[in-house]
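Engineer: So the sequences go chain by chain: A and B.
Just add 6 to wherever you are in the first sequence, counting from 1, and you've got the numbering used here.
Just add 1167 to wherever you are in the second sequence, counting from 1, and you've got the numbering used here.
Dumping the calculated DSSO-like pairs for lysine-lysine here, alpha-carbon to alpha-carbon at most 30 angstroms: (1) A/LYS529 - A/LYS418; (2) B/LYS1193 - A/LYS418; (3) B/LYS1230 - A/LYS418; (4) B/LYS1406 - B/LYS1391; (5) A/LYS431 - A/LYS418; (6) B/LYS1230 - A/LYS355; (7) A/LYS355 - B/LYS1193; (8) A/LYS431 - B/LYS1193; (9) A/LYS529 - A/LYS431; (10) B/LYS1284 - A/LYS431; (11) A/LYS355 - A/LYS418; (12) B/LYS1230 - B/LYS1391; (13) B/LYS1193 - B/LYS1391; (14) A/LYS431 - B/LYS1230; (15) A/LYS418 - A/LYS130; (16) B/LYS1230 - B/LYS1193; (17) A/LYS431 - A/LYS355.
Over the 12 angstroms line for every Cβ pair with chain A, so calculated as not near, a few chain B residues: (18) ILE1173; (19) GLU1351; (20) ASN1405; (21) GLU1410.
No wet-lab data here; the hints were simulated from the structure.
Using N, Cα and C, we set each Cβ at its ideal position, and we do this for glycine too.
Now for the letters of each chain:
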Amino acid sequence: MLWEVLAAVALSWARIAAALALSVLAAIIVGIYSGMSRRVDRVAIPILDVLQSVPILGFFPLAVYVLARAVPILGYELASIFLIFTCTFWNLAFAVYEGARSIPQSMIEVAELSKLSLRDRLGKIYVPAVFPKIVDQLPASLANAFYFLAASEVIALGEAEVRVAGIGTLILRYLELGYHAGIAIGLLATALSIIAVYLLILMPLISYSDRYRFDIAQPPAGQRTPMIMELYTRIKSIHAPLKLEPRRIAGLTHRVFPTQLVNIRYVGSDIKRLIFIVFIIVLLVFAGPRIYANIGDVWTAVSSVAGAGVRLGLLSIGEALAYSFSRVLVCLALMLAISLPIAYIISEKPRVRNTLLPVLQIVASLPSPLIFPIISGFFEGGTLSRELGAILLMSLGSVWYVFYSTLGGFNKVHEEYRELARLYKLSGFNKFRYIYLPFATPSMVTGLITATGGAWNTVIVAERLGEGGRIFEIQTPGLGKLMSTLAEMADTPGLVFTVIVMTVFVILVNRILWRNLYDYSIKALRIHEQL
Amino acid sequence: MSNSEILLELRNVTHGYSLRAGSTLKVIENLNIQVGYGEFLGIVGPSGCGKSTILRIMAGLIKPLSGAVIFRGEVLNGTTPRISLMHQIPTLLPWLTVRENIYLALTSRRDLSEREKQLKVSELLELVELSGYGSAYPYELSGGMRQRVALARALVTDPDLLLLDEPFSNLDPLTSLSLIREIEGMWFDTTLPPISVVMVSHNIEEVVMLADRVIVLGGGRPAKILAEVPIELPRPRNKKSEEFYRLVDELFSLIS
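Assemble the whole structure, with the sequences as input and the hints as a guide.
Structural biologist: Rendered as C-alpha cells:
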C-alpha cells in the first residue's frame, strides 16, 4: 500500500511538474510578447482576461475531447496535464506581463541603441526581469494545482469516466472503499512531498531570485538569521549545480532555436502582425472544414443547450446565481479581513516575515482538499453552519491570491516612506491608513479580481462536496450545487448552459465592477503620479 | 568644542551590512562627529561612502552596530520629534493634499491641540511661500514646490536639528539655487527652528554655499574622515568670488 501511495504521489508530481513547466514557458512567451508590444498587448490581455474568468469546468469537456481523441495512448495524460495547466497558467502569465511592462523604458532604450539581438534582449533583460515574478507566483500556482488535483485526474468523456493514475484518484478510490488509513497516509505523503519540494526547490529559487530584484533592502548586520533561512542556504549549496539560472535558460533557448531566430535582430511590428495573421489562417484552414462538415451536429448541440436553459428554468438559474454571487462576495470580504492584518504585520516586522512567510508558503502549497473532510464534518449542523462551511471552502482556494498580492502591495512601500512613519511616530492605525493601505490598494484589487475567479471556480466544489458516498451540500440554492448535480446526472446540455451563464456573469462583473474599481482606485489615489 | 556647545554627537560609531557569506561589510568604523549648537555642518563624499547611513543614525532611524549617539547630553534611542529628516526625494503621499502632508508630521503629537496644529501648518505653508496651495495635491506642484512642502513638513515639528539628505540633487540648477536661498534665509532668521543643520551632499558647491564646517568622507570602506574644513566666508555667499572657488577646489582635490 505504501508503494502504491508513493508511486501515485510521484505520478501526480510528474504531471504537475510538466504542467508547471508548460505554464512557465507559455507565460514567458505570452507575457513577454504582450509586454513588449502595445499591439499584441491590446489583443492578448483581454483574451487572457476572459479565458481566466472562464470556470475551469468549462475547459474540461473541450480539452478532453480534443486531446483524448487526437492522441491515442497518451491522450488522457495530456488532457490531465492540460487541466492542471489551466489552474497554474493565468497568474504566471499576468505576473510575467506585469514584470515585462515594468521594465524601465530607459533599459529598453539602451537595448534599442545597442541593437541587442532578440536573444540578448530576452536573456539579458526580459527573462531576468520577470524571473522573480515567476518565482513569486510558483507557490500560488502549485497550491492551485493541488486544489484541483482530484478533479484534474478524473476525466469524464461523455458517459465514460477515465481516471489517470495519481494520488488524487487513489485517495478518491480509498474514499469510496472507506479505507481511512489509506486516506490518511495518502494525504500525509502528499503534504510531505509538498514540503520537500518547497524546501529543496522553491525556497532556494526564491532566495536566488532576490538578486534580480531591484527593491530588496540589505538586511542590517548583527541581525540573527532565522534558522529556516540558514537551512536553505545550506540546502542551496548542496544542489548548486541544479540551479536554474536565467543565463542557462537563455543558453537553452539558443540551443533549441539555433541560428535563424538569433540572427533576427528585432522582430518588427509588421512581422509580428504577419505571424498573428498566419496563425489565424492556419487555425481556420485546419479547424474550418471540420466545423463545416459537422455543421449539423453543431446545430443539434446548440439547440439542445438552449433547450436545457428553458428546461431548467431561467428564474431558478438566476436565483442560484444570486445565491452563489452573495457567497462569493462574503468570501471576498472574509479573505480581505484575514489577509490585510497578516500581510501588514509581515511587511512591517522583518523578524516575523523571515519566520512566518516560509511557514505560510508551505501551508499555501498544501492541498486544501486535505482539510475538506474536516470542514464538512465540522460544519454539518444547520443551514447557516453549512453556508459558513461552503464559504470557508471557497476561501481556502483563493485566499492566497489576496494575501500575496496585498503583501506585494505593502512591500512596494519605499523605505523612505517607512522612515517617515517612524520619524513622525505615526500610530499603527495612522500608518496603515495614510501610507500602507493606499500604496497597496491597486495590487490588492488585482488580487481580489484573481480571487473572484478562483472563488467562482471553487463554488462547484464548495456548494456540493461528495466524498465517499457522503454528500456535504448547502441547503439553499447555488449555481455550483446546480452544476455538480447536473454533472452527476450526466446532463451535458444543462451543464454547458450553466457554464455559459456563469462565464458570462463572471466576465460582466469583472468588466463592470472590478475594472472600474481598479481604475477608480488608481485615479483616486493618484498612483500614476507617484512621486 | 566643549560639551555644552554640542547638540548631537556620534561616539565611536560603527555600522555595516551583513553579506551573504555571513561576514560584515563595514560602511563606517569608529566614527566621531560633533554637531555644535547653531552650526550648519556639511558632510561630503563620493557616493556609497555611507553619508546617508550617518544621517539615518543621527535621526535615530538606524541603530548602529556599536557606538552611541548623544543628543543634548543623553543617549538617543529611536526617533524624536526634536530631530527632523528631509529625504532626497520629497516623499510626499500622493493621496494627501499639501496641508495633509505637512499635518502628517503632527498627527501623533498629543501636546498640541487641533487648532494649534492647524495654525502651525499654515505658518509653515507661509514660510515656504505655498500659502495658496494648501488644498493642492503633490502632482499638481513642480519639483521645487514639492521639495518645499517636504521642507515645511520637516520644520513643522519645531526640530532642534534638521537633517538634509541631498535635498537639491533631484532639482534643476535654478530651482535648487532658489531653495538654497530659502534655506539660507531660514537659517538667518533666529526665531525659526532649527538650532543646527546637518546636510549631506555630493555637490560641493551647495555645501560651500551653506555650511559653516565641512567634513570630507572617503577612502573606501569603511569610510574615514579625510578632512574637516571650516568655511568662514561671509553670508550671503557669492558663488563667483575667488574665495568660494578656492574652497570648492580645495574640497574637490580632497575627495578625488
